[in-house]
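First to last, the sequence lines map onto chains V and D. full-length UniProt numbering numbers the first residue of the first sequence as 1 and each following residue consecutively. full-length UniProt numbering numbers the first residue of the second sequence as 1 and each following residue consecutively.
What the hints contain is simulated information worked out from the structure, not anything from laboratory work. Predicted, not measured: the structure shown is a model, and the values here were computed from it. A virtual CB, placed ideally from N, CA and C, is assigned to each residue, including glycine. Each hint should be verified, as a subset may be incorrect.
[To be verified] Example chain V residues on the side facing chain D (calculated, C-beta under 8 Å, incomplete):
{"no.": "1", "residue": "A59"}
{"no.": "2", "residue": "A99"}
{"no.": "3", "residue": "G167"}
{"no.": "4", "residue": "D238"}
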Amino acid sequence: MDTSDFSKPVLGIETSCDETGVALLRWQPDAPGRGLLAHVLYSQIKLHADYGGVVPELASRDHVRKLLPLVREALAQAGLAPADLGGVAYTAGPGLVGALLVGAAAGRALAWALGVPAIGVHHMEGHLLAPLLEDDPPAPPFVALLVSGGHSMLVEVKGIGRYRILGDTLDDAAGEAFDKTAKLMGLPYPGGPALAKLAEQGRPGAFHFSRPMTDRPGLDFSFSGLKTQVLLAWQQSDQSGQTRADVARAFEEAIVDTLVIKCRRALEATGARRLVIAGGVGANRRLRAELAAAGGREGFRTYFPRLAFCTDNGAMIALAGAIRLAHGQHQDERIQVFPRWDLESLPAA
Amino acid sequence: MSARQVELPDEQATGALAQALAAALDGGLVILLHGELGAGKTSFARALLRALGVGERIKSPTYSLVESYRLPGGTAWHLDLYRIADPAELEWLGLDALADPSALVLVEWPERGEGALPPPDLRIRLDYAGGGRRAELEAASPRGARLLERLG
Numbered sequence: 001m002d003t004s005d006f007s008k009p010v011l012g013i014e015t016s017c018d019e020t021g022v023a024l025l026r027w028q029p030d031a032p033g034r035g036l037l038a039h040v041l042y043s044q045i046k047l048h049a050d051y052g053g054v055v056p057e058l059a060s061r062d063h064v065r066k067l068l069p070l071v072r073e074a075l076a077q078a079g080l081a082p083a084d085l086g087g088v089a090y091t092a093g094p095g096l097v098g099a100l101l102v103g104a105a106a107g108r109a110l111a112w113a114l115g116v117p118a119i120g121v122h123h124m125e126g127h128l129l130a131p132l133l134e135d136d137p138p139a140p141p142f143v144a145l146l147v148s149g150g151h152s153m154l155v156e157v158k159g160i161g162r163y164r165i166l167g168d169t170l171d172d173a174a175g176e177a178f179d180k181t182a183k184l185m186g187l188p189y190p191g192g193p194a195l196a197k198l199a200e201q202g203r204p205g206a207f208h209f210s211r212p213m214t215d216r217p218g219l220d221f222s223f224s225g226l227k228t229q230v231l232l233a234w235q236q237s238d239q240s241g242q243t244r245a246d247v248a249r250a251f252e253e254a255i256v257d258t259l260v261i262k263c264r265r266a267l268e269a270t271g272a273r274r275l276v277i278a279g280g281v282g283a284n285r286r287l288r289a290e291l292a293a294a295g296g297r298e299g300f301r302t303y304f305p306r307l308a309f310c311t312d313n314g315a316m317i318a319l320a321g322a323i324r325l326a327h328g329q330h331q332d333e334r335i336q337v338f339p340r341w342d343l344e345s346l347p348a349a
Numbered sequence: 001m002s003a004r005q006v007e008l009p010d011e012q013a014t015g016a017l018a019q020a021l022a023a024a025l026d027g028g029l030v031i032l033l034h035g036e037l038g039a040g041k042t043s044f045a046r047a048l049l050r051a052l053g054v055g056e057r058i059k060s061p062t063y064s065l066v067e068s069y070r071l072p073g074g075t076a077w078h079l080d081l082y083r084i085a086d087p088a089e090l091e092w093l094g095l096d097a098l099a100d101p102s103a104l105v106l107v108e109w110p111e112r113g114e115g116a117l118p119p120p121d122l123r124i125r126l127d128y129a130g131g132g133r134r135a136e137l138e139a140a141s142p143r144g145a146r147l148l149e150r151l152g
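One chain only, chain D, in its complex shape:
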């Protein structure tokens, strides 16, 4: 599976990566966002949703656990499983809709929902790098691999 690494020295760089990903997106996708607290998972999710045309407030879903947004081609779901102690708790989130292949699904702290989440297409790992961040993108399905190819 293909993978790549992108340096994100500042917010503009994060925005540029989000723009490129949004342009390469073709229908739905399941993206798992890995990284420590404060590594920029929510900031990246926000930048991607903005790039896809979401005009409303994109708040951290840490407390609400899940937020949804309407996109031109379907629905976007933004999940944060930080406060989930057991994957069985995901039952209360009403996640059946995530299986919709046209949905864009962004999951922070996906390791806490193992077994209860739809299969991923793309994994993005965010790390601290100097004053900025580094992103590693790794395809996890043929759909994800095609996306990374289009990303160029």
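Isolated chain V, as found in the complex:
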């Protein structure tokens, strides 16, 4: 029998793709971030030698062996025992079916054993709600730009479960374009952040690349063609260190300009005055500066959640799950995942 008590912490489990993340969050509607009791990622834990004395070298996406040690680590950090949990949230999709099943099976089984409710969370809803973990969180309605290695999306957020996809990439994600362009210019993969750093030394105007799909209406992106443009320019150049920086700068400007143009259009189309920038590319300094400047000129406010909440993590799953559990939503006892799952089909809460 499920017993719901939302003064008790919710365990959040993220295993949809590369990252294994676990968090504990006690639901506090007025300040969700202050309810975060623990937040651990396998990729960060690996850096600490105190991980049981041994630092295991496990394959990417080996969630099976990573998950339970992380759950124990999170409980230890929060000073809690499994019996203290009030619910369990796990990413149920979209993502890799094998990866999703690990989190779902572990989460569902734990909830069943403890007699608490469990909920499957939409990974993208986690990303959209993650900014609520910060102090002074954005109130809906807002527009979210989600830019990472795997995503380039503009989403209108009117409330919990009330999402409209305004634009999406037709081919490569923005972060993917950064990583692959860096590789084409001889930087090790994934070299997106290194490319952005190199761009700081580039001279403005030395090269120019197109701003894809900004010459027509619409909020979709297409970054695949930029790779070829950069490659041709690079191959035909003297390939000096300064040229590499110049090409990097022109490339970064093309991506950032494109993102800024589409964000402004999305705000105009929805009438929203708040823009949230999430995803790993949200750490890009030029993007942050350009969007903040555009906001100052045009009267919209920008929110940049900290990087730990932008990339895949368990805290956003614990938060989205806690909100839905607090609204009385939960799953039955089947272990179900949805490798493909339409964000717009989610119920409102």
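With chain V fixed as given, assemble chain D onto it according to the hints.
Using the frame of chain V, we list chain D on its own:
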């Protein structure tokens, strides 16, 4: 085994090759797509899926590793193994479904999944050629050879 070479000076040429391949397709097929970064593997896979009637967005699977699409005659799987360091990692992708003989399987960077992928029917190598691309199609099974014959 039969092989052929097709010049792809522009996107239209890629689309035309994809159309011809789609028309010649008879049931499932496993296609391995070889070529450097930016050589047009994803663009070709997208053109083929479009030619087969996929109407939804066909994003790069580099980060998601695998995407699936419903086709009139079965399922299409589009894989990108670029981020795979060890073929053992394919275990997490839930690839049992690839063995279905009615499935169309498109694999980019197949060399990173050696031993863990279904046997190929067709290899397509894409290369830069001037401002455009060149495609080399090579049959890798009797099913692939019959397809190339139908391609004319």
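(request) Could you tell me which of the numbered hints above are not met by this structure, giving the numbers in increasing order? (result) 3, 4
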